[in-house]
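J.: Chain by chain, the residues run as shown.
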Amino acid sequence: MLSLDHVGKTYPNGVRALEGVTLSVGPGEILAIVGGSGCGKSTLLRAVSGLDTPSQGRIMLDGQKVEQPHEKIGIIFQEPRLLPWLTVADNVGFGLEGRPKDERKARVADALARVGLSEKANVWPRELSGGQAQRVAIARALVPRPEVLLLDEPFSALDAFTRTDLQDHLLDLWADLKPTLILVTHDVDEAIVLADRIMVMQPMPGRLFEEIADDLPRPRDRQSAAFDFVKRRVLAALDRSLAQGRPEGRDPAASNADTGAAMWW
Amino acid sequence: MSLAPMTVAIEPAAAEQKPRTGGLTRWGGPALGLLLPLTLAVGWELAVRAGWSDGRLVPPPSVIYATFAELAEAGELQRHALATLARVLAGFGIGVVAGTVFGAITGYSAMVRRLLDPSLQALRAIPSIAWVPLFILWLGIFEASKVTLIAVGVFFPVYLGVMGAVMSVDRKIVEVGRVFRLSGAQMVRRILLPAVLPSYVIALRSGLGLGWMFVVAAEFMGASEGLGFLLVDGQQLGKPAQIVAAIVAFAVIGKTTDWIVVGLTAPLLRWEDRARIGGA
Chain A
24 MLSLDHVGKT YPNGVRALEG VTLSVGPGEI LAIVGGSGCG KSTLLRAVSG LDTPSQGRIM
84 LDGQKVEQPH EKIGIIFQEP RLLPWLTVAD NVGFGLEGRP KDERKARVAD ALARVGLSEK
144 ANVWPRELSG GQAQRVAIAR ALVPRPEVLL LDEPFSALDA FTRTDLQDHL LDLWADLKPT
204 LILVTHDVDE AIVLADRIMV MQPMPGRLFE EIADDLPRPR DRQSAAFDFV KRRVLAALDR
264 SLAQGRPEGR DPAASNADTG AAMWW
Chain B
452 MSLAPMTVAI EPAAAEQKPR TGGLTRWGGP ALGLLLPLTL AVGWELAVRA GWSDGRLVPP
512 PSVIYATFAE LAEAGELQRH ALATLARVLA GFGIGVVAGT VFGAITGYSA MVRRLLDPSL
572 QALRAIPSIA WVPLFILWLG IFEASKVTLI AVGVFFPVYL GVMGAVMSVD RKIVEVGRVF
632 RLSGAQMVRR ILLPAVLPSY VIALRSGLGL GWMFVVAAEF MGASEGLGFL LVDGQQLGKP
692 AQIVAAIVAF AVIGKTTDWI VVGLTAPLLR WEDRARIGGA
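Which chain is which? The protein sequence lines are A and B, in order. Note that my numbering has the first sequence beginning at 24, numbered continuously upward. Note that my numbering has the second sequence beginning at 452, numbered continuously upward.
Hints in this document: simulated from the structure, not taken from any laboratory. All values derive from a computational prediction rather than experimental measurement.
Simulated restraints, written as ranges between beta carbons of each label pair: (1) B:A549 - A:N36: 35 to 43 Å; (2) A:R122 - B:V552: 32 to 40 Å; (3) B:L487 - A:K124: 53 to 61 Å; (4) B:A581 - A:G121: 49 to 57 Å; (5) A:R168 - B:K623: 19 to 27 Å; (6) A:T187 - B:G714: 44 to 52 Å.
One side of the interface only, derived from the structure: several residues of chain B facing chain A at Cβ under 8 Å: (7) I624; (8) F631; (9) W722.
Straight-line alpha carbon distances no greater than 27 Å define the calculated BS3-like cross-link-like pairs of lysine-lysine that follow: (10) A:K95 - B:K623; (11) B:K623 - A:K88; (12) A:K95 - A:K124; (13) A:K143 - B:K623.
Beta carbons: idealized from backbone N, C-alpha and C, even for Gly.
All chains, full assembly: derive it from the sequences and hints.
T.: Written out as structure tokens, the structure reads:
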């Protein structure tokens, strides 16, 4: 169980990136966080990862305070961030140093097989396509068997086909290990396909705005009416989150939320 | 307007071209680089033989070769070359160690950088030859002052290269190390060192180049052996062939040491994603 208690982050230059975020995510739950740019969603994720420390509040994982990177918390960034001087297999095994060699080999081979890249084990990262590199990054994050896996816009740099492919792939991997997933994205479809719960955030200062349950049956059909219905709800919430952030009485078009057409990003 | 015959005409040409370019990059490339110096050498040799020039001040290749062989036979060439090489290696070693340590610390810590870098940059601005009188006063006219001068020359490019490389290590890559909870020492070994290695090799090579420059300056300031001594000796006794022979020896040994650095580090850098501009 991961819980955030009134987490806030004020940067040294006085910018309040995050304020009073309280939420808890259960084991195996998939939470998506969406919001306009500057709403603090990446700041939130970095705080949970332990890469940044929140200036207020606290983050607890299984009763332990998270203040720096934690062994049970993994993260996948927007870019693969593979180490170019290590082969694909060594990148995947990066978090396993200190374990017996046989165990390391077996787990790396297993992880590579899961992401379908066994035949790339001995190539350099430069020889991979963008989608392959991100799959290696996923394997690297999963190999230490994290309880919580954070994903910071993990597929946003990929083309549409690769993206859908990897979303399905991620769900398969999740089904094996059932880690808690927290996904930050600005792709509403992606949030709906993956998440059990969608959290809409509001900018300036970044805070939670609205929670939308997403209990569509899995596997989810991106073309179904029910999918579309959830999508409208999320888009409407996004529009409202931005409308309230603006000075009052301005931009009436943005409050015309049911179209979901406003440029919320 | 007939496209078909055109394609037909192009294809055999393209097919034929492929092996030819392959041959050019493997053998033709290096050979191409030799074309100009060989032409000049042969031309000059012929000019002297034909009596268009007496070749006294600019000796022809045959005379240079003869001088080379003569010096080598007497063991003189080896003695001088070894003396110079020993000085360069000693100075290079000291300069590299100091440059690496200072560069790594100043690159890593902004605090130390603010403290040390301005002074080091000020020292760097001094033409290194200006140190010679002082080094002689301090360290005497023998090996110590020479090696020190070479070490000073090697230090700065290595220092600058390492500092710049450490400072420019990608934050994103460092974060990967943090996510996997690497300790300070692990971070250095598993992330920082491999990340700076390509720039480090370049720093080593420019340091080595300066080492070879400075050894000449050091040997000019008074030496009884060394290739620099051969240069001065050749000037004073009016033996241009000996000067050119020493210069050629410098070129050969300097280039060889550079090759060794490149060759030793190449296996560590196979991962690099280089453009390989120009095909070779």
